[in-house]
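Colleague: Residue 1 is where the sequence shown starts when you use this note's numbering, and the numbers rise one by one after that.
Treat the hints with caution; some may be incorrect.
Stated by the list, open to error - Now the in silico label distances, taken between C-beta atoms and shown as ranges:
no., residue 1, residue 2, range
1, Tyr38, Met10, 29 to 37 Å
2, Asp58, Gly13, 16 to 24 Å
3, Lys63, Gly13, 16 to 24 Å
4, Met10, Val56, 26 to 34 Å
5, Ala18, Lys63, 13 to 21 Å
6, Leu69, Pro41, 14 to 22 Å
What the hints assert, rightly or not - Straight-line distance between alpha carbons at most 20 Å, and here's what the computed EDC-like set of lysine to aspartate or glutamate pairs gives:
no., residue 1, residue 2
7, Lys68, Asp58
8, Lys68, Glu55
9, Lys57, Glu46
10, Lys63, Glu46
To be clear, the hints were calculated from the coordinates, so they are not data collected in a lab.
This structure is a prediction, so every number in the text was calculated from the model and none was measured.
Note that beta-carbon positions come from the ideal geometry of N, C-alpha and C, so glycine has one too.
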Amino acid sequence: MLTCLRVLRMRTGKTLRAFAKEYGFNETVLTRIERGQYYVPPAWREPLANALGCEVKDICDPKTGWPKLVK
């Protein structure tokens, strides 16, 4: 399962650990979100989209927070 979030994060050239540390996200939760196993918490949606240079709708469902999958 490949999420749009993971693709966008990988395009930054940063490892998950480096990205999480730089932007203040919990690495374990971010890993689960990238794997499609957890939703993006409401407080993370805008900051995460901003860090990736995209809109919330590009990485997850704006209402539920579940990550979007690459088609």
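Colleague: Against the 20 Å threshold, does the CA-CA distance of Lys68 and Glu55 hold or violate the hint?
Modeller: Judged against 20 Å, a Cα distance of about 12 Å means the pair holds.
Colleague: The hint says 26 to 34 Å between Met10 and Val56; measuring C-beta to C-beta, is that right?
Modeller: 19 Å, violated
Colleague: Mind checking the hinted window 14 to 22 Å against the Cβ distance between Leu69 and Pro41?
Modeller: Since Leu69 and Pro41 have Cβ atoms about 19 Å apart, the given range 14 to 22 Å holds.
Colleague: Is it true that Tyr38 and Met10 lie within 29 to 37 Å of each other by Cβ?
Modeller: 18 Å, violated
Colleague: Lying within 16 to 24 Å: is that true of the beta-carbon distance Lys63 to Gly13?
Modeller: 31 Å, violated
Colleague: Taking the CB of Asp58 and the CB of Gly13, does the distance hold inside 16 to 24 Å?
Modeller: 18 Å, holds
Colleague: Is it true that the CA of Lys57 sits at most 20 Å from the CA of Glu46?
Modeller: 10 Å, holds
Colleague: Between Lys63 and Glu46, is the straight-line Cα distance small enough, at 20 Å or below?
Modeller: With Cα atoms ~13 Å apart, Lys63 and Glu46 stay inside 20 Å; holds.
Colleague: Quick one: are Ala18 and Lys63 within 13 to 21 Å, going by C-beta?
Modeller: At roughly 30 Å between Cβ atoms, Lys63 and Ala18 fall outside 13 to 21 Å, so the hint is violated.
Colleague: Lys68 and Asp58 were given as a pair; does the straight-line alpha-carbon distance stay at or below 20 Å?
Modeller: Distance of about 7 Å is within 20 Å: holds.
Hint compliance for this structure: hints 1, 3, 4, 5 are not met, and every other hint is.
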